[in-house]
Amino acid sequence: MQRRLFLQGLAAAGALGSLPFGFAHALTQAASVSVESLPKLEGDLTLYLGRGEGGLYENVLDAIKKRNPKLNLQIRRGGSAALANTIVAETKAGVKRADLFWAVDTGSIGMVTDSGAAKPLPVELTAQLKPGFQYERWSPVTGRVRTLPYNTERVNPAQIPDNVMALADSDLKIGWAPAYSSFQSFVTAMRILEGEKATRSWLKGINRNAKKYAGELGVVMGVERGEVDIGFANHYYTLRLKSGKPDANVALAYTNNDAGCLVNASGIVALSEGDLPVNFIRYLLTHEVQSYLAREAYEIPLVNDVAQPQGLADLSTLSPPKLDLRKLADLRPTLNLMRDVGVL
Amino acid sequence: MTTTLKRMSALVLASTMTLALASGNALANGAIGDHVNNLQAHISEYTEEVHWLEEKFGSVVNAYEAKDKSLSTDVMIEYWEEVDFHSAIETQYVPIYASIWQGIYGVKTAIDNGKPVSDVRDEQRKLNHALWQALGAVKLASQYQKKGMLAKVQTTEVEPTTGPAVIDDIKTRLDRVVAKYAEQLHEVATTLVHDTYLQRFEGVEGDLIAKDAQLVEDLEKDFNVTLPQAIEKDAGVDSVRNVVEAMQAKLDKARTLLVEAEKGRKDVF
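Which chain is which? The protein sequence lines are A and P, in order.
Counting from 47, one number per residue, gives the positions in the first sequence under the numbering used here.
Counting from 1226, one number per residue, gives the positions in the second sequence under the numbering used here.
No lab work stands behind these hints: they were computed from the structure.
Among the hints, a few may not be true.
Here are the simulated SDA-like cross-link-like pairs (lysine to any residue), alpha carbons at most 25 angstroms apart as the crow flies [to be verified]: (1) K176/A <-> A299/A; (2) K176/A <-> E199/A; (3) K257/A <-> R1346/P; (4) K112/A <-> V1484/P; (5) K1446/P <-> L298/A; (6) K1491/P <-> A214/A; (7) K373/A <-> D1420/P; (8) K243/A <-> S228/A; (9) K219/A <-> K243/A; (10) K291/A <-> E199/A; (11) K1491/P <-> E199/A; (12) K1491/P <-> K258/A; (13) K1436/P <-> G272/A; (14) K111/A <-> A299/A; (15) K1488/P <-> Q356/A; (16) K258/A <-> K1458/P; (17) K291/A <-> D1437/P; (18) K368/A <-> S227/A; (19) K111/A <-> V1383/P; (20) K258/A <-> Q1265/P; (21) K1446/P <-> K112/A; (22) K1488/P <-> V81/A; (23) K86/A <-> D1492/P.
These figures come from a predicted structure and were not determined experimentally.
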């Protein structure tokens, strides 16, 4: 499989516009920092926290609180999109209740940055992030990538096309979960990138040779059992399965510069001026927190010098598509298309 | 204490403790009064209401038996929604709350379908049994509440923050799915299943996959296929309850795995 190199340093600056929001903030690069070098957090902060990896984000917040006993951190929890709507409404009404917003998806972040509520971040902070993930008014925290899990006993990697559109014409038996939200976001990305006609044709082509599963873990397990040759799923299902069953007959393949290797990110926004919200964000970008989320949640660390989750290709070798991720919120035309084709 | 009572005791305590963490906006058809946080003072009122309901439901069946042409069974729902006891049992023990709705619709549907009076009386007996069982559960809860063993019923949403707490919340929400289905609110029940999966189960499934991937796959299928289909096919309250109880048994196993996972986790810093 061919893999195009992705954003190797400043030479790839022209590709920065391909990433969410398209506005690279800093092109300077800095190493990740240790929590030991950070200032203590003191004072009152209110964080709006979008639901994420169960208790793992809570563990991170508890650890920050434990390390900073003079920090009075109030947390409001909810769905990322709902909290983003709340922040936008509060901003319009001139009422500010949140100092920070940590969301699991970029679309929710975009709603807040578009509203004008987000405060600029210092260049030396965003410089810790990898090229292509540096933005003026928000900071990515961790990432996730669309992948093609394949059965290592049934498929030679050379058989797998590096173009997701070509899979519709292959003889491979495919597993998919059309009702699953991550899959629908992926089809939305395809619809935006390739157009409705091509997406319709792709859905019909895949449907001829596909087995449906309820969710994407089911897809990965179907691949592993050999019910299908290959599937569509976010990267972490395969990595988590492999962590519990190292000899599982499944490995990851990636497509090239299309919806099949879309990278989405969780992110955080400062909604108040001052050092305290910014310094809080520094804690999330520390080597320790990024390593923790990569190790425990199999999320992709987005600061420099932190190891990827075991089993995942290095981010610099992937080539995600040129797409404003905020557009993924436009789901209705996708659902209509999928229903029309008969896959939902 | 009999085995049944012991089980109810444990369930009432567990149900109420987790309810305090559950979504408040899914509760009750009307406002929840402060009485639910002072059950002991209202037991006699609840008892009167159960007697009143038994009499009112009985009068509906009597009117049916008397071939009263003006009879409308919708009045049964109005009676049930009128009493404070409604929110008392809804906030304390959702499984029996579901049984009451099942009983109301059992009588209502039998009458609406012109079933023999003996069949309607059978449904009426089940409904009365559920009402008295519910009163027993509320009395038991009042004892726990008096001893300070129950958290105050929340009327605003409080999110669970640990894996085991999420599992407890999912189980409570599934009880509410049965209740909403029994209440004939099938869309509401289906939406609750979907929201519970997206807002709760997806947050903990990652940790579970490494421990027992098959269990997670089974639960994914239950959330996305088995339970929504049972509701859509209108397979009856007992069928939906059976699916939910099977899921809750799997969730108990998941809870144990999450507790183990947390014990083995390294610190963040």
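Here is what the structure says about each hint:
1. K176/A <-> A299/A: holds, 22 angstroms
2. K176/A <-> E199/A: With Cα atoms ~35 angstroms apart, K176/A and E199/A exceed 25 angstroms; violated.
3. K257/A <-> R1346/P: violated, 49 angstroms
4. K112/A <-> V1484/P: holds, 21 angstroms
5. K1446/P <-> L298/A: holds, 23 angstroms
6. K1491/P <-> A214/A: violated, 43 angstroms
7. K373/A <-> D1420/P: Holds, at roughly 23 angstroms.
8. K243/A <-> S228/A: holds, 21 angstroms
9. K219/A <-> K243/A: holds, 23 angstroms
10. K291/A <-> E199/A: Given that 25 angstroms is the threshold and the Cα spacing comes to 16 angstroms, the pair holds.
11. K1491/P <-> E199/A: violated, 35 angstroms
12. K1491/P <-> K258/A: violated, 37 angstroms
13. K1436/P <-> G272/A: holds, 21 angstroms
14. K111/A <-> A299/A: violated, 39 angstroms
15. K1488/P <-> Q356/A: Between K1488/P and Q356/A the Cα gap is close to 22 angstroms, so the pair holds against 25 angstroms.
16. K258/A <-> K1458/P: OK: K258/A and K1458/P at ~20 angstroms, within 25 angstroms.
17. K291/A <-> D1437/P: holds, 10 angstroms
18. K368/A <-> S227/A: holds, 21 angstroms
19. K111/A <-> V1383/P: holds, 20 angstroms
20. K258/A <-> Q1265/P: violated, 53 angstroms
21. K1446/P <-> K112/A: Not OK: K1446/P and K112/A at ~39 angstroms, beyond 25 angstroms, violated.
22. K1488/P <-> V81/A: holds, 24 angstroms
23. K86/A <-> D1492/P: holds, 19 angstroms
Against the hints set out earlier in the document, violations occur for numbers 2, 3, 6, 11, 12, 14, 20, 21.
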